[in-house]
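*Asks:* The chain contents come next:
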Amino acid sequence: MANTTTKSGAVMVIGGGIAGIQSALDLAEMGFYVYMVEKGPAIGGRMAQLDKTFPTNDCSICMISPKLNDVGGHINIEILTLTDVLSVKGSEGDFTVKLRKNPRYIDMSKCIACGECATKCPKKVSNYFNEGVDTRKAIYVEYAQAVPLKFSINAEECIYLTKGKCGNCKKVCPADAVNYEDKAEELSLKVGSVVVASGFDVFDPTVAETYRYSQWPNVITSMEYERILSASGPFQGHLVRPSDHKEPKKIAWLQCVGSRDVNRCDKRYCSAVCCMYAIKEAVISKEHASDLEASIFYMDIRTYGKDFEKYYNRAQDAGVRFVRSRVHTLTPTTDGNVILEYLDDLGERHSETFDLIVLSVGLTPRVNLPTLADSLGIDLNEEGFIQTQPLTPINSTRAGVFACGAVNEPKDIPTTVMEASAAAEAAGRVIAEAKGTMTKTRTYPPERDIKDEVPRIGVFICHCGINIASVINVEEVVNYCKDLPFVELCTNTLFACSADSLGKIKEAIIEHKLNRLVVASCTPRTHEPMFREALAQAGLNKYLFEMANIRDQDSWVHQKEPVKATQKAKDLVRGAVAKAALLEQMYQTKMGLTKEALVVGAGAAGLNSALSIAQLGYPVHLLERSDTLGGNGLKIFSREKDVRGYVANLVKEVESHPLIKIYKNSVPKTSHGFVGNFETKCQGPDGEFSISHGVTVLCPGGHAHTPKSYLYGENPKVLLSLDLDELLASNSPEIKKPGQTFAFIQCVESREPERPYCSKICCTHSIESALTILDRNPEATIYILARDVRSYGFREKLYQEARSRGVRFIKYCVDHKPEVVAGPNGRLQIKINDHILNRPLLIEADYLTLATGIDPTPMREEIVEVFKGQLSAEGFLFEAHMKLRPVDLATDGQYLAGLAHYPKPLEETIVQAKASAARVATILSKDHIMVGGVIAVVDPDKCAVCCTCVRACPVQVPKIVRNEKDPALRGHAFMEPAMCHGCGVCVSECPGKAIKFQFFTDEQLLAKVEALIVEKKAKPA
Amino acid sequence: MSEFEPKIIAFCCQYCAYNAADTAGSMRLQYTPNVEIVLIPCSGRFDVILALKAFQSGADGVYVAGCLEGGCHFLDGNIRAKKRVVYLQNELKKIGLEPERLAMVNVSASQGPQFAAYIDEFAGVVKGLGPSPIKKQLAA
Amino acid sequence: MIICERKPIDELKSFIAGKKKVLLVGCRGCVTVCNAGGTKEVEILAALLRLDAQKDGNELTIDEFTLERQCDPEYVDELADLVAKQYDAILSMACSVGPQFLSRRYPKEKVYPSLNTCFIGGALAHGVWAEHCQACGNCIIHNFGGMCPVSRCSKSIMNGPCGGSSNGVCEISKEVECIWHLIASKYMDEGRLAEFAPLQPIKDWSKSRDGGPRKIVREELVK
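So the protein sequences, as listed, match chains A, B and C. Start counting at 1 in the first sequence, then tack on 243, and there's your number in the working numbering. Start counting at 1 in the second sequence, then tack on 1, and there's your number in the working numbering. Start counting at 1 in the third sequence, then tack on 2, and there's your number in the working numbering.
I should point out that these hints are in silico values taken from the structure, not numbers from a laboratory. Quick reminder that beta carbons are idealized off the backbone N, C-alpha and C, glycines included. Don't take every hint at face value.
[What the hints assert, rightly or not] Anything over 12 Å on all C-beta distances counts as not near chain A; from chain C, calculated:
(1) V33
(2) R106
(3) C138
(4) I218
[What the hints assert, rightly or not] Short derived list, chain C residues pointing at chain A, Cβ under 8 Å:
(5) R30
(6) G40
(7) T41
Chain A extracted, bound-state conformation (with noise of 0.2 Å):
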């Protein structure tokens, strides 16, 4: 099949952020080939810039940074850094690619990232990673978990390459790795399929002259306020304001700058993610000093998104103050407070001081996106971004070019990353047939096996060049490790990480006969696989490997106590020597695995779910329970896309693939499994039968809400919004009729304690039914009774229309609710009081439409009980982690798409149930799946069957099992080694001591504790 396709099977990503991140790790596990193209000199985006992130406050560059070293680490991810685009040429499944390569002035090849240079630099300029907030020099890297972690240099900044003088990091750096000659050199590739995931910018309140941010030190944006919360930002996590260092008492948050706001800012738009981020910045705030008075400026409060509405009610909770209102003129004191001054709700004039203002600056398209969008040859909409259509989300106008996360339209983490997996499904589905064409496999030599062998350890201490041996002195710790039990080889070596280097650590395995390896040098967060790849290639098994960390956490942090230094390098590699010589040879083994899918539920998701895994070439079982495809969006009507007809459309190609199975009127009862090998018995009209499948996806989908409250179901005028939809699809008279008078309400029985989320899509689908009746009979009267107006996104323009053609909007808050009663003339009498006017106002209305908001489906608690998931509070799935895995669930192997997770409107429902089927592919796409490693073993022989590992590990992995030579025998603990995540918690609780956690067992971790401590020199006899 491979060389019978001339399409390519390798993709283009443009952008190293968390969205080009998700799609280049997606694709690269489903058989492509990837090229992620940088502009900047490290990957990692805005994600690497924030502090924390909403709404589980998970500090961000925690989350991020394993994601990086994936990328990094991945043998079929080529990253291009301080790249540009310079033209797309061809068509789908065979495009050319020509790219500019602009200089770093540094061979990464040799950079060690000490930072010796940029400790020399006498240049100081702007630190953009920062905000601008403080300096850095020239020659930098952005942060400290930088992927990848090479040094570069700024030209437009630096001494030597602007006036040909300085030249002193070329002379400090230990490594000759600095390079003035270095050229801008153009690449040509030949790529099927291109993600843009290029992210955006900040909008620049320097324009919006009200806020005097350009002139005053103490207005700042929220992007620079992330950094000033940030551990590692300018100023070390201390929160200080800028222009006296001084820490504030009193914060403000002016909410939709550069945004909502068409006068000021031209930008029409909401950016979707600023009442949250600012809300999490204020929660952050108070914990950093709680007598802090935070306060939130705003027009709606936006938290429309997962628990977002909880985190919104906590904050209020915790003293988080929230005005609604649009701050009109800012005066500042001469401390360099900050006045505000503001009309309240009733229009009552207040003037109050803050020490320091943040503005909650919106999302903006980069400034550069015009070019690339040329280069690509892609159209943007009106509003700078990428343009793309409702039902294809993610489709650019050029075919094979997809796009995700803020390059379409702003959006939060969350909906980036489920973007991000459905671009990998889109960009790999048109490349389909050229899968592995590209993909690069690692072969090595056999392993000897070293069971029986005495140890015989190599160690090798490393200088970092003058990184560890300025401080350190290795000489000595060389001599005196010679000396350590089981130690056959010690030496010293200038980079242990340069190719040079390696090669001799392979040439001594073999010519000492090394049975372990110790390298003594930096961390192994970001070098282990580097050594381990060259013991297997020196036909060793990889885990015979153990480094001691002598420069992050040794030389670089005792600089000034050389002999102290020294005395503990010597002691952690005393320890590592010690653990080294129990280490134990390990082994991943091979699982087959089914390469089908089952997918559980047939509504939008669903049928989207399918049908893409189908089209990527895998057979699903499709599992329906009603008799029905289509769910929900056989009853929506939308004024912006043609729901029905696109349902209907949907409903026949699933039906028509022949790789799909369906089941109507099915149910699953029970499933048993892990990733790769499940088998889920389910029951249909016909009697019960057995599907055996590799992964699950979950779509069991949800309803509108059928509420008790203002007339329902008493009264034939009160409808729910599905019934306003029949009414407008139907072409219903009634709609069209002169002097009708259409009431909306929203969050009926929503945001409420008894089911505290905001559904998201009501507001919205509210606006859309009044712009289609306005649309049909423009003299109808209109009134939309809302809590706060959640268009986010560009949704907001919908809003803007609707405000324009006359449609009336009330706010009410929860305490004060409308009233509803049955009128005399059959008309609806709506009692509400004005936020405005301040007082009570009657509305006869013809139709009254409640948008009640979505509730989770009735067979909830039957899908977690038989696919062993979990429920949120509200009654949704629970997702394995809320914000970087939204569409993969606890249990390996499984996936979740559609309401069932939380509400949302259609096209993101298709986002995440294309990003499930990427997902997928990342597994089925795979011959077998690898499992063992560093995990958690039981000796059936010791075990007691006490049930303690059952009970204390966290994702529910041990089992009580049979025993399997003979059932009568006493069974045993078991942990599926595929399932097994490898944290410990069981190895360290279990009476028995039968539980054996590999590469950190007791007797290992006992010896290195014991090693680090006694000074023990005598070689066993």
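Following the hints, complete the assembly by docking chains B and C onto the known chain A.
*Replies:* Below, chains B and C without anything else, positioned relative to chain A:
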């Protein structure tokens, strides 16, 4: 007599605490050399026997560092570790060893400065307590 | 199973005060399962005692060994070789049956219990155990909705609840649920309260402790 230099063993989880220690390194934050870091996959792998063995070998202090609460990459390993630390502190107290010689802290990967400060602070506490009585006996 | 709890370290220290050579014996039966006396607990206690001795400069050797069970002579026999090494004290980490069996088998040894034997019960959750039986020798839980008033009522009353029951908890502590409340609720939920109305006859306590230490002899098994 030369100043007392305590020996401290710090068990650091791979995702956050060990990463924070590296971050402190790349920021060149200087802290006491009295600490030796042992990498463990998750603070949930911290086992009371590891601390007991460290004390038996003559450690003056034992430190456990995990992810921020709620931020454990294995969900609740750090919470379990904390409970074990509290349990062992009580036992140490009962055998007349200062429970302050054992402590746990939570840091995120970016909190290099906090990590360095915590280590110095803990080393200060241990220094204040003086050499561990076990170490004194081992030396005698 | 039998639920035990390790004795406070002070008490254990007093057992071995002045002694130089100690054997710590664990049990792989109930006490492993209830996390009180398995290999792991033996290891931890040994380490604590060593640390204590080291701290004070006392010479102390502790050997560790965990038997399959301490309540069967055959397993207890397995210790013979070790015991021959002449320990100053043997600490049993089993329920109180263990130290008794050890004492009987090795009469010259000073055997101490390291655990307090608390009750017969089961695990409610990870780290939580509760009493469910007092070994009264005449089980009648079928009369009480599957719940045992002998062990789970503070007063072991047979016709409850008493006046001390309020809001489902016992007057002795809010932590103690009133078993009679649970029993009555269960019958009420099932609509069978009437069935439950007759007074329970006086319980036959003859098989309980009233007849002194108990013994079971299965003649068909006796050799």
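*Asks:* Confirm or reject each hint.
*Replies:* Hints and how they fare:
{"no.": "1", "hint": "V33", "result": "violated (8 Å)"}
{"no.": "2", "hint": "R106", "result": "holds (25 Å)"}
{"no.": "3", "hint": "C138", "result": "holds (27 Å)"}
{"no.": "4", "hint": "I218", "result": "holds (24 Å)"}
{"no.": "5", "hint": "R30", "result": "holds (6 Å)"}
{"no.": "6", "hint": "G40", "result": "holds (4 Å)"}
{"no.": "7", "hint": "T41", "result": "holds (4 Å)"}
Consistency note: the structure conflicts with earlier hint 1 alone.
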